[in-house]
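Go ahead and model the full structure; you've got the sequences and the hints to work with.
Sequences listed follow chains A and B, in order. Note that full-length UniProt numbering has the first sequence beginning at 1, numbered continuously upward. Note that full-length UniProt numbering has the second sequence beginning at 1, numbered continuously upward.
Hints are computed from structural coordinates only; laboratory data are not their basis. No residue lacks a Cβ here, since even glycine has one placed at the ideal position from N, Cα and C. Mixed in with the good hints there might be a few duds.
Residues from chain A shown here face chain B by an in silico Cβ test under 7 Å; the list is partial [to be verified]:
(1) K12
(2) L21
(3) R55
(4) I66
(5) S104
(6) P105
(7) S118
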Amino acid sequence: MSASFAAKRLGKELQKISNSLPPGIELVSAENFDEWLLDIKVLDNNPLYQNETYRLKFRFGPSYPIEPPEVVFVQLPDRPIPMHPHVYSNGIICLDLLGQQGWSPVQNVESVCMSLQSMLTGNSKNERPPGDEDFVRVNRQRPRDIQFYYHDNDV
Amino acid sequence: MPPPNTPEEGMAADGLQPLYDEPLQTSSSHPSSEMAHASQDESCILKLDYQNIEYIEPIDDTLLCPICKTPFHSPITTACGHTFCAACINRALETQPTCPIDRQPINKTRDYRRLPLIIKDQLDRLQVKCPNRGCDYECSREHLEGHYERRCEFTQVRCPDPTCTKLVARRDAIATKDCMHVDVACEFCDQSMSFPQLTGHYNHECDANFTECPDCNTPVVRHRLVKHRTQDCPEGNTQCKWHTAGCKVVDKRRIVQEHEQSGCSFEVVGRLMQQRVEDRKTIDELAARLTKVELAQSRRRERRIEHSSRAGRSPIASSSRSAHTTTNLPDITLNNNHMPLFPGSAADDSAAGGSAEDYMLARFERLETQLERFERLETQLEQVRQQAREIDTRQSHMILQQATHFSEQLAEIGSKVGVVNMHMSWLMSLQRQSNAQQRAGSAAAGGSSGSGMSHGSGSGGGARPGSSDDSGVRYLGESRRHSEGRPESLHRL
Ligand SMILES: [Zn+2]
Ligand SMILES: [Zn+2]
Ligand SMILES: [Zn+2]
Ligand SMILES: [Zn+2]
Ligand SMILES: [Zn+2]
Ligand SMILES: [Zn+2]
Ligand SMILES: [Zn+2]
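This is how it looks when you write it as structure tokens:
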């Protein structure tokens, strides 16, 4: 029942975003209702992000949109991890919008992408979060790193 | 990278697919719960799923629930003035007891308000399609549940075989009393399926056995040729869809479609007529219900009269009564036998019985005419009420449309201002940085240029534009988020 609730809502979102997305956001793949990939670009000429495209991976649980999706940046040869004091070098994003407290079920994939776009647009610090190297090193030792991080935060 | 359009094409092409699949899946996975439902309401086992209804016209954004993004279903308004489907907000409140839009605390049910009737009216009037595959029925949303649960012959109901727990379309259940859940193979593609599914398979799935349409020469699946020629073929002749309103245009379908899209002048009349037909339907339904009630009542009254006359009368009188109702044959013969034997008494008795009956009948007839007059008055009243309601909603609809149009424009302007604001603040911070750099450069010639970027004072204004626009983006202070969880020890580094 709850799984199909998420699927129905994602179906509606997919219908909408395959018709139109705001500039700088592009749907890469949405083959199922578990995982979607999108590309985002920063539109102004902030020197930190100029001419770069970033790949976002959304993972949806069965209670989406009541629960937030997991959103991370993914690294590929032509898709770097953006430099930002809230983005770890393994792609994990530290944004309260995506946490249990900051999330609201009226948010959607498109609004999350736009928020991340503006998070990057507004940044001028060419740096990673404090303790990034160690966090990423510790994190890599865990097999399901991303999930571990989020579960860990919930507790 | 997969082609970006693959998934949505799939979505659009078989939008009806999930609607059909769901009941079948349910039927195979939860046979026991289905039985329980069936005993509660044997006419319809699967309740109408409002999230899966297909709407004929595009829906105004103001009528969409912000949580499920479908038009509201039994919505409520919160104390803070936001509207959600009752089911959606209840689910959201289980996780967090605040309004999903403005974070005001909400107490479940105590802070729920009823929705303005004008919105309810708008929702009721949305034109929808019956979600059952194979059914072309269209109506306003308020009538859909009745159609789906009681009348639609494609609705899945319990198999007429009491030992079988599977579902069949209602018309198949009516057509035969035998279980049809024995698999048969499609003669064209060798897929096997249950008998009731076969028609659906022919009409929607089976892609074997192509033939060529004689009109437009495109390949068409043979089972769908008739449908193609009568409904889809661009070269087939058809009428303008407003022909019932008086449009005389008849031509090849593609030309007629062009005509319809460019705005048939009979469209307004046609829509009004559709509305009338629907109102008529409501009235008829009400009238039918009324006559049923009346019939039951008069039958009860008749029985009471019978009872009282039988109690007070001799067997002969009762026989004359049965002659009147002409159902009891042996009684009539008895009466005939009696007549020659006791002419006097029989005549006497029947006369006495007749007069009492006549009196009753006369009263009955008077009652009946009164009822008729009452009924007529009631229909008239209903018609007047309907008309008043129509005018009222049409006006309020107009007002609301204008209002939503304005609010849409406002929202658009608002979001544009937000973007401009964001860019402004970033530009300003950049400007401040370059100013600072210039100053530093002139003060100490040859100062390092690289450091200007990382600790420019501009970051105070530029780093957090999210807090100035209201998109809901707030960054957690590193002190909170970063120090919780894993990297706590690292933070001290
Ligand atoms: Zn609210
Ligand atoms: Zn809803
Ligand atoms: Zn139907
Ligand atoms: Zn059966
Ligand atoms: Zn077949
Ligand atoms: Zn054709
Ligand atoms: Zn026409």
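How the hints compare with the structure:
1. Annotation: interface hint on K12 (chain A) holds; nearest CB of chain B at approximately 4 Å, less than 7 Å.
2. Residue-level restraint check for L21 (chain A) is violated (minimum Cβ-Cβ distance to chain B is 10 Å; threshold 7 Å).
3. For R55 (chain A), the suggested interface contact is broken, since its CB lies about 10 Å from the closest CB of chain B, more than 7 Å.
4. For I66 (chain A), the interface hint holds, since its Cβ comes within 7 Å of a Cβ in chain B; the closest pair sits about 5 Å apart.
5. Because the closest C-beta pair between S104 (chain A) and chain B is about 4 Å apart, less than 7 Å, the hint holds.
6. Given the 7 Å rule on beta carbons, the hint for P105 (chain A) holds: about 5 Å separates it from the nearest Cβ of chain B.
7. A distance limit of 7 Å between C-beta atoms decides the matter here; for S118 (chain A) the minimum to chain B is near 6 Å, and the interface restraint holds.
Of the numbered hints listed earlier, those contradicted by the structure are 2, 3.
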